[in-house]
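Chains as they are written, first to last, in this note's numbering: chain U, 1 to 252; chain G, 1001 to 1249.
Think of the hints as simulated: they come from the structure by calculation, not from any bench. Heads up, some of the hints might be wrong.
[To be verified] Label-pair ranges, simulated between beta-carbon atoms: (1) E199(U) - A1247(G): 34 to 44 Å; (2) E43(U) - S1147(G): 17 to 27 Å; (3) L1121(G) - G137(U): 38 to 48 Å; (4) G195(U) - K1139(G): 18 to 28 Å; (5) K68(U) - K1122(G): 27 to 37 Å; (6) E43(U) - G1118(G): 39 to 49 Å; (7) L245(U) - G1117(G): 33 to 43 Å; (8) R151(U) - L1121(G): 55 to 65 Å; (9) A1114(G) - P28(U): 49 to 59 Å; (10) R10(U) - G1117(G): 46 to 56 Å.
Beta carbons: idealized from backbone N, C-alpha and C, even for Gly.
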Amino acid sequence: MTEAVLLPTRKDEAWRYSDIDAIQDTAPETFEAWEDIRVAEGETWSDLIVIDDADGLQMRRLRIALEKNARAELAALVAGGQLGRLEVVVTLAEGAHFELGGITLGGGDTTREIVTRMAHEEPGATSNQTVRSVHWGKGTGNFLGRIDVVRDAQKTDAAQSFKGLLLEKGASVNSVPQLEIYADDVQCAHGATVGQLDESARFYMAARGLPPKTIRRLLVQAFIGDATRELADEATREALLEKALDKLEERA
Amino acid sequence: MLQIDNLHAEIDGTKILNGLTLSVNAGEIHAIMGPNGAGKSTLAYVLGGRPGYEVTEGKVFFRGEDLLAMDPHERAAAGLFLGFQYPVEIPGVSNIQFLREALNAQRAARGEEAMTGGDFLKLAKEKAGLLKLDMEMLKRQVNVGFSGGEKKRAEMVQMGILDPQFAVLDETDSGLDIDALRVVGDGINAIMRQSDKGVLLITHYQRLLEVVQPTHVSILSKGRIVKTGGAELASDLEREGYDAVMAEA
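From just these sequences and the hints, can you work out the full model?
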């Protein structure tokens, strides 16, 4: 007897804040498919992922295996779909590094989310994830970041930084760091904040003659710029920021 | 240029300004002095249009127009500059970008053409030189990591670039050492001491007024002007203190 393939539910940790209604018409097999990437020893890989198609479920699922001393850099914009979702599972061998610069944007009643899992399976690997979320209307932004460090993976350095910016009342963001650490000599830093545009900065800028729309553009640009700062490749950095700003312009 | 008539204002229901009347003409530098809590900063914020500062009575006319009916950015475009006591840090936004966008927004509002990048940099360099501020500072994020004195000098560089008709300067001298005080004071003179411009210079101490000689001095106490005189009034205050001078009033 074959086991029936089921759709994810909110009971699954990785779907806790997701828009389950948006996936009801999706074939369950969709949630078993992955894009596999392997980065060979000492090699470097980088990519820019933009999820910006309008309707339904817009999902990308990446499984990245980093061999010894490999480096992967992912720039991601999740700004499409009723549910826009990027899942990234990274396995890190000795001395490997994974860098994520992620941005979620969305209004209406959309949900845009980034769900990651870093599996530090050997010593001395590092991962750094910076995610910035800007939401308005009744939009929701989620960042679920799980970090697993096995017993042998000493000298792991895994960092996560999440900040949410809510442009209007009714928007929300959720951030769930989940750390499972079985080695004792590791550094795992995570931080999360949620806020609105700084009132005193807005007045200061207005007092210099900037209209409200320009002020918002400059401050939002500065906010999401954080997510691009650690990306080593300048072209990727600029492309991510430009795509995100285009998306924000569509809103205005 | 600026006529304030019977201005009443409050913050969160607390009355701060209680019938303040004052007028400043072109060519005048009018110093406002007063003890802590007199309402000096509130006056500055009300003139700038800061949200939360509610005008309950009175009128303010700026170059013949109803200032209180304008949004903060419209006041700036109309030629009003507010120098902040505590300039705000804006991470992620460079001074150059901020000021060029601000200048061009003002010019657009006045129906003037935008200034090109090259012309803007030339202007910024000239004004930074005037205030002895390293041009490199202007490439950095707005006020981020600036010392107290650097923030105040940057504030005056902004004023130089935006070239307002009228400046309300809120304790621009606070946080400055003697040398920086002179640089900032000279900057104010160079930019604003002109026959077609006016200044409302809010200060707690007389020392800035030794560099920026005022044409008028008014004492603000409990939300209203209690005494107005010439530059000598500032010296009286310095010598005798607020209590003694206000007792005479």
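Now for the hints, and whether the structure bears them out:
1. E199(U) - A1247(G): 34 to 44 Å: holds (40 Å)
2. E43(U) - S1147(G): 17 to 27 Å: Given a distance of about 46 Å, which is not inside 17 to 27 Å, the answer is violated.
3. L1121(G) - G137(U): 38 to 48 Å: holds (39 Å)
4. G195(U) - K1139(G): 18 to 28 Å: Given a distance of about 27 Å, which is inside 18 to 28 Å, the answer is holds.
5. K68(U) - K1122(G): 27 to 37 Å: violated (53 Å)
6. E43(U) - G1118(G): 39 to 49 Å: Because 43 Å falls inside the window, the suggested range holds.
7. L245(U) - G1117(G): 33 to 43 Å: 19 Å Cβ-Cβ, so the 33 to 43 Å window is violated.
8. R151(U) - L1121(G): 55 to 65 Å: holds (57 Å)
9. A1114(G) - P28(U): 49 to 59 Å: Holds, at about 56 Å.
10. R10(U) - G1117(G): 46 to 56 Å: holds (52 Å)
The structure shown violates the earlier hints numbered 2, 5 and 7.
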